[in-house]
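Trainee: For reference, the chains in residue letters:
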Amino acid sequence: MEEVIIPTSQLIEHCPVCNTAATENDVFCGTCGYPLKGTEQEQKDFMLKRDIAGIDMEHFSKQLKNAANSLYYLAGVFVVSGLIVYLIKKDDPDSFALLLENLILAFVFLALGGFARKKPLACIVSGLCLYVIVILLNAFVNPGTLFYGIIVKIAIIGYMIKGIKSAIEIEKIKKEHHIA
Amino acid sequence: MSEKEILANEKAPCISCGGEIAVSARFCNHCGSRQSVVANSDTGNNWLLLKQAALFYGIDVAACCLASFAGVFKTLGWALFFDIAMAISAVLFFTWNWNENKQLLKWKSFSLLKLAGYAAIAICGSVIVHYSVGWLNLVIFNKDDQYFETLRGNLPAEMFLIFFTAVMPALFEELGYRGYLLQNLLKIADKDQAIYITSFLFAIIHMSFISLFWLIPFALFLGYTRVKENTIWYGIFFHFFFNLTACLFQLF
Chain A
0 MEEVIIPTSQ
10 LIEHCPVCNT
20 AATENDVFCG
30 TCGYPLKGTE
40 QEQKDFMLKR
50 DIAGIDMEHF
60 SKQLKNAANS
70 LYYLAGVFVV
80 SGLIVYLIKK
90 DDPDSFALLL
100 ENLILAFVFL
110 ALGGFARKKP
120 LACIVSGLCL
130 YVIVILLNAF
140 VNPGTLFYGI
150 IVKIAIIGYM
160 IKGIKSAIEI
170 EKIKKEHHIA
Chain B
0 MSEKEILANE
10 KAPCISCGGE
20 IAVSARFCNH
30 CGSRQSVVAN
40 SDTGNNWLLL
50 KQAALFYGID
60 VAACCLASFA
70 GVFKTLGWAL
80 FFDIAMAISA
90 VLFFTWNWNE
100 NKQLLKWKSF
110 SLLKLAGYAA
120 IAICGSVIVH
130 YSVGWLNLVI
140 FNKDDQYFET
150 LRGNLPAEMF
160 LIFFTAVMPA
170 LFEELGYRGY
180 LLQNLLKIAD
190 KDQAIYITSF
200 LFAIIHMSFI
210 SLFWLIPFAL
220 FLGYTRVKEN
230 TIWYGIFFHF
240 FFNLTACLFQ
250 LF
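Chain order of the listed sequences is A and B. Residue numbers are given in numbering that gives the first Met the number 0: position 89 of the first sequence equals residue 88, and the series is strictly consecutive. Residue numbers are given in numbering that gives the first Met the number 0: position 134 of the second sequence equals residue 133, and the series is strictly consecutive.
You may find that some hints are simply not true.
[Unchecked claim] Here are the simulated DSBU-like pairs of lysine-lysine, each with C-alpha atoms no more than 35 Å apart in a straight line:
#1 K101/B / K152/A
#2 K190/B / K152/A
#3 K48/A / K50/B
#4 K89/A / K50/B
#5 K118/A / K73/B
#6 K152/A / K107/B
#7 K73/B / K173/A
#8 K43/A / K107/B
#9 K88/A / K105/B
#10 K173/A / K113/B
#11 K190/B / K161/A
#12 K88/A / K10/B
#13 K61/A / K190/B
#14 K105/B / K43/A
#15 K50/B / K164/A
#16 K105/B / K89/A
#17 K118/A / K113/B
#18 K10/B / K161/A
#19 K10/B / K48/A
#20 K107/B / K118/A
#21 K73/B / K117/A
#22 K48/A / K107/B
#23 K186/B / K89/A
#24 K36/A / K113/B
#25 K73/B / K64/A
#26 K164/A / K113/B
#27 K171/A / K73/B
#28 K73/B / K164/A
#29 K173/A / K190/B
[As the list claims (entries may be wrong)] Listed next, with one range per pair, are the computed distances between beta-carbon atoms:
#30 F109/B / T144/A: 42 to 52 Å
#31 A69/B / V79/A: 21 to 31 Å
#32 I150/A / A69/B: 48 to 58 Å
#33 D91/A / F212/B: 46 to 56 Å
#34 D191/B / D91/A: 40 to 50 Å
These aren't lab readings, by the way, just hints derived from the structure by calculation. Note that the structure is predicted; figures quoted are calculated from it, not measured. All residues carry an ideal CB built from backbone N, CA and C; glycine is no exception.
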């Protein structure tokens with residue numbers, strides 16, 4: 000982030016950080032809290048705090064990306080497994096319905112992954128709940144399925160829980176530092 | 000003058016130094032202190048709220064899974080037991096934060112015309128869903144739901160059925176989802192995200208993935224109605240008329 004520090008004597012029309020209109024009487028920016036008439040040190044400190052928040056944001060954004068990727072991964076898993084089961088049990092009258100359910104699930108996970116950037120909390124919470132319900136339903140039909148790829152399942156759930164935590168943190172940082 | 004301009008011109012005292020500042024300002028332009036209370040809510044508390052919401056949802060998921068998929072529980076008695084257990088859970092979670100949630104039980108904007116409007120939308124929606132789902136089930140799953148056949152002509156049984164498919168879900172699902180869960184999530188996320196989450200969770204708990212296409216819009220409508228009207232009563236009546244229409248279709 001580049002540091003924009005302007006001399007205090009200059010007439011201030013816009014906040015150099017968030018570009019909100021400011022009057023001559025303003026000591027601080029009303030939108031982001033930048034010390035418009037503060038000393039050089041105060042202004043530097045303000046920028047430093049914002050930069051630190053930015054670094055935190057990068058870390059949390061990475062975790063969000065992992066969570067969004069696990070949603071895409073799940074979409075792929077449901078398409079592939081749906082097709083495999085359909086091809087193996089083609090003669091079963093229920094096989095088409097099963098394939099359709101798998102495709103609907105895949106579509107839902109794909110959509111959630113796609114919107115995860117815009118509405119991270121909503122998409123990841125929804126994805127996690129749907130995934131847990133699907134695991135439970137499969138376990139009711141056939142308890143053995145609970146242990147299929149259990150490590151992958153735990154990893155995916157872990158990524159999503161971390162994603163939810165990050166989404167909450169990001170919301171907080173955005174509110175505190177007014178980073179849009 | 001637009002609403003934004005009015006807000007910019009309206010003045011309020013700073014919470015820290017008392018100086019006059021714009022109502023919309025996030026920071027005081029005299030002393031630099033933060034004005035919004037929202038930003039003070041800590042993430043630890045939000046995480047706790049989310050875990051509480053997860054507990055509520057977990058109980059519902061467990062009850063729904065057991066009631067619909069465990070062979071032992073596939074009797075009418077157990078079905079009633081799980082329905083009542085979920086109702087109690089919804090009431091408990093709703094009353095947990097009673098002082099705040101009781102606002103939702105007030106019905107300040109009561110209007111008979113509006114209520115009739117919501118009822119009409121609900122009935123139309125239910126008719127559309129009935130025909131489209133009937134068609135989908137016939138086309139894809141090759142089955143026709145004959146569950147209600149045995150009850151036809153038996154008035155007490157019909158009343159009983161109406162109570163458990165129209166009155167109970169309308170009241171307790173609204174209390175739990177649009178009441179407790181939405182109110183809880185509104186503290187963590189913005190309005191839209193909170194409504195999306197509640198709607199999605201509400202839709203998938205019905206355990207029918209093909210029905211998601213109408214359950215999600217249905218729940219979104221209820222969520223936005225609840226936020227717009229600031230009461231859960233319109234939602235309860237909407238939900239009631241929707242389920243009642245569906246129920247009557249099955250019976251007659």
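Trainee: Hint by hint, say whether it matches the structure.
Mentor: Structure-based check of all given hints:
no.: 1; hint: K101/B / K152/A; in the structure: 40 Å, violated
no.: 2; hint: K190/B / K152/A; in the structure: 31 Å, holds
no.: 3; hint: K48/A / K50/B; in the structure: 30 Å, holds
no.: 4; hint: K89/A / K50/B; in the structure: 42 Å, violated
no.: 5; hint: K118/A / K73/B; in the structure: 39 Å, violated
no.: 6; hint: K152/A / K107/B; in the structure: 48 Å, violated
no.: 7; hint: K73/B / K173/A; in the structure: 49 Å, violated
no.: 8; hint: K43/A / K107/B; in the structure: 51 Å, violated
no.: 9; hint: K88/A / K105/B; in the structure: 55 Å, violated
no.: 10; hint: K173/A / K113/B; in the structure: 38 Å, violated
no.: 11; hint: K190/B / K161/A; in the structure: 22 Å, holds
no.: 12; hint: K88/A / K10/B; in the structure: 71 Å, violated
no.: 13; hint: K61/A / K190/B; in the structure: 25 Å, holds
no.: 14; hint: K105/B / K43/A; in the structure: 51 Å, violated
no.: 15; hint: K50/B / K164/A; in the structure: 11 Å, holds
no.: 16; hint: K105/B / K89/A; in the structure: 56 Å, violated
no.: 17; hint: K118/A / K113/B; in the structure: 32 Å, holds
no.: 18; hint: K10/B / K161/A; in the structure: 42 Å, violated
no.: 19; hint: K10/B / K48/A; in the structure: 29 Å, holds
no.: 20; hint: K107/B / K118/A; in the structure: 32 Å, holds
no.: 21; hint: K73/B / K117/A; in the structure: 42 Å, violated
no.: 22; hint: K48/A / K107/B; in the structure: 45 Å, violated
no.: 23; hint: K186/B / K89/A; in the structure: 49 Å, violated
no.: 24; hint: K36/A / K113/B; in the structure: 54 Å, violated
no.: 25; hint: K73/B / K64/A; in the structure: 42 Å, violated
no.: 26; hint: K164/A / K113/B; in the structure: 40 Å, violated
no.: 27; hint: K171/A / K73/B; in the structure: 46 Å, violated
no.: 28; hint: K73/B / K164/A; in the structure: 38 Å, violated
no.: 29; hint: K173/A / K190/B; in the structure: 16 Å, holds
no.: 30; hint: F109/B / T144/A: 42 to 52 Å; in the structure: 50 Å, holds
no.: 31; hint: A69/B / V79/A: 21 to 31 Å; in the structure: 29 Å, holds
no.: 32; hint: I150/A / A69/B: 48 to 58 Å; in the structure: 27 Å, violated
no.: 33; hint: D91/A / F212/B: 46 to 56 Å; in the structure: 25 Å, violated
no.: 34; hint: D191/B / D91/A: 40 to 50 Å; in the structure: 42 Å, holds
In this structure, the hints that do not hold are numbers 1, 4, 5, 6, 7, 8, 9, 10, 12, 14, 16, 18, 21, 22, 23, 24, 25, 26, 27, 28, 32, 33, in rising order.
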